[in-house]
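J.: Chain by chain, the residues run as shown.
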Amino acid sequence: MAKIIVVTSGKGGVGKTTSSAAIATGLALSGFKTVVIDFDVGLRNLDLIMGCERRVVYDFVNVIKQEATLNQALIKDKRTSDLYILPASQTRDKDALTQEGVEAVLNELAETFDYIICDSPAGIEKGAQMALYFADAAIVVTNPEVSSVRDSDRILGILQSKSRRAERGEAPVEEHLLLTRYNPERVQAGEMLSVADVEEILAIPLLGVIPESEAVLKASNQGTPVILDQASEAGQAYQDAVQRLLGGQLEHRFLEVQKKGFFQRLLGAK
Amino acid sequence: MSDLSFQLKGSVVSIIILELYQFTPAGFADQLRAKIDQAPQFFAQSPVVISLEKLNAPLADDEPSQLLALCREFGLQPMAFRGGEVNDAIRACGLPQLPSSSRADSELQMPAPVAPAPQQAAPEVVVKTVVEERVVQRPAKIIERPVRSGQQVYAEGADLIILSQVSEGAEVIADGNIHIYGPLRGRALAGVKGDQQARIFCQHMAAELVSIAGNFMLSDSLRKQLWQQPAQVALNGDSLHLKTL
Numbered sequence: 001m002a003k004i005i006v007v008t009s010g011k012g013g014v015g016k017t018t019s020s021a022a023i024a025t026g027l028a029l030s031g032f033k034t035v036v037i038d039f040d041v042g043l044r045n046l047d048l049i050m051g052c053e054r055r056v057v058y059d060f061v062n063v064i065k066q067e068a069t070l071n072q073a074l075i076k077d078k079r080t081s082d083l084y085i086l087p088a089s090q091t092r093d094k095d096a097l098t099q100e101g102v103e104a105v106l107n108e109l110a111e112t113f114d115y116i117i118c119d120s121p122a123g124i125e126k127g128a129q130m131a132l133y134f135a136d137a138a139i140v141v142t143n144p145e146v147s148s149v150r151d152s153d154r155i156l157g158i159l160q161s162k163s164r165r166a167e168r169g170e171a172p173v174e175e176h177l178l179l180t181r182y183n184p185e186r187v188q189a190g191e192m193l194s195v196a197d198v199e200e201i202l203a204i205p206l207l208g209v210i211p212e213s214e215a216v217l218k219a220s221n222q223g224t225p226v227i228l229d230q231a232s233e234a235g236q237a238y239q240d241a242v243q244r245l246l247g248g249q250l251e252h253r254f255l256e257v258q259k260k261g262f263f264q265r266l267l268g269a270k
Numbered sequence: 001m002s003d004l005s006f007q008l009k010g011s012v013v014s015i016i017i018l019e020l021y022q023f024t025p026a027g028f029a030d031q032l033r034a035k036i037d038q039a040p041q042f043f044a045q046s047p048v049v050i051s052l053e054k055l056n057a058p059l060a061d062d063e064p065s066q067l068l069a070l071c072r073e074f075g076l077q078p079m080a081f082r083g084g085e086v087n088d089a090i091r092a093c094g095l096p097q098l099p100s101s102s103r104a105d106s107e108l109q110m111p112a113p114v115a116p117a118p119q120q121a122a123p124e125v126v127v128k129t130v131v132e133e134r135v136v137q138r139p140a141k142i143i144e145r146p147v148r149s150g151q152q153v154y155a156e157g158a159d160l161i162i163l164s165q166v167s168e169g170a171e172v173i174a175d176g177n178i179h180i181y182g183p184l185r186g187r188a189l190a191g192v193k194g195d196q197q198a199r200i201f202c203q204h205m206a207a208e209l210v211s212i213a214g215n216f217m218l219s220d221s222l223r224k225q226l227w228q229q230p231a232q233v234a235l236n237g238d239s240l241h242l243k244t245l
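Keeping their order, the protein sequence lines are chains L and F.
So for the first sequence, our numbering puts the first residue at 1; every next one is plus one.
So for the second sequence, our numbering puts the first residue at 1; every next one is plus one.
Calculated from the structure, these hints are not laboratory results.
You may find that some hints are simply not true.
[Said to hold, decoys possible] Below, a list of computed lysine to aspartate or glutamate pairs in the EDC-like style, where the Cα atoms sit at most 20 Å apart:
#, chain 1, residue 1, chain 2, residue 2
1, F, LYS193, F, GLU144
2, F, LYS141, F, GLU156
3, L, LYS162, F, GLU171
4, L, LYS76, L, GLU108
5, F, LYS141, F, GLU171
6, L, LYS162, F, GLU144
Work out the full structure: start from the sequences and follow the hints.
T.: And the structure:
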């Protein structure tokens, strides 16, 4: 039985799509057959982050409307085996998603995949609710600033009241906090919330802390999930997060201000 | 069993009774609006039975339909009338009329297994609803998970006990006392139906607003005393007082 994981946040621009791409890639690298679905109908981005934008022929909405089969719409990742992408439609809007349609697609995917990652759109409206409705687990992507934390809190409330598990009275959706764009220097300067602050407000288990890194922007622009950049701190932090998602116990890294060595200072490297 | 498409059963349901004393559209609308503003979510789409037993003058002409239209406008769903005089005006608006409560409370007879004797213009299926109304102590409402931003919890006619946190932007409301065994960062309103004895207890006071029987205090004033400490809030005259727990 496939595990359905929604990557959500409420707020936009916090790193949902980057995290969806990285985590899906990480799960596939760990040997699990994984599909990542872009629920952001009308604002398709996942294909760019995954570097498969030129291979999109059919999309999620085509499959829901039965204009194409799932196999026609699924794009096999070129770099990572066992990884597939189901892109969103760029020409429709969120109303094209129906609960029955989404359920049918997820059920069909569940027959062959181990993990289904749902990349949620921002907001708390239909698109976001559709992405989280069928979830077994949620990765709540949060930036260390107050508005992002409040929006995450809101989305956690929706997860526990409007998901299928909540409606059926089943075990609640598993909650994981993924703190992105973390900058220990700015935390130390009091300009950013610390990990402890965010954990205290949201009171859910911490899956990972992704340090703010130039590697993320570079990876996005190149269409390579940042987790594949193992030289970068962000890539390593995502790798850790995936291992924790799979049940591993790992220390959190990159939380402290690192003293730059002589050469690093000289070269200005990050 | 499998070839049956349905079964008729008798059931006792708790339901909101709107006991009408007098009816003028404007006065009724004002009072209903005030009532519903206290807890909009609680009343949304609530079925109600309109009791006419204590009505001073029977409804006539288009008054029943005006009454129903007002109820629906405010999101209530009138199900039936109860008691009162049976007249054409009430019959004309299409809702069933239930017998008055004294009869319903004392005679809890089972529905007859055979079809009831055909009455004049009897509907084809008779579903009998027995409405019970009693003054009982309601058990406290207990919430074990965090109340998140944007969520609202209301304990009607009871105390509210929260074993987790109340986030900023969340609202917890009770007709009785409120106990919170985690941080209170949102709003807590106790005694919303006017109970001045109601109190709020919390393990970590960081509220946006606390209110007892309509008297409230904002976080700016709360910050001056017992902020982020265990505290209880009580009403003393017209002002709220904080004490340590």
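J.: Are the hints correct? Go through all of them and say.
T.: For each hint, the structure was consulted:
Between LYS193(F) and GLU144(F), the direct Cα distance comes to roughly 24 Å. Violation of the 20 Å bound is thereby established for this hinted pair. Only pairs whose Cα atoms come within 20 Å are accepted, and LYS141(F) paired with GLU156(F) is accepted, the gap being roughly 9 Å. For the hint pairing LYS162(L) with GLU171(F), the CA-to-CA distance comes to about 18 Å; that is within 20 Å, so the pair holds. Restraint check for LYS76(L) and GLU108(L): the C-alpha separation of about 17 Å stays at or below 20 Å, so the hint holds.
Distance check on the hinted pair: LYS141(F) and GLU171(F) sit about 14 Å apart at the alpha-carbon level, within 20 Å; holds. Proximity of LYS162(L) to GLU144(F) is assessed by CA-CA distance (about 17 Å); at most 20 Å being required, the pair is judged to hold.
Violation of the numbered hints given earlier is confined to hint 1; every other hint is satisfied by the structure.
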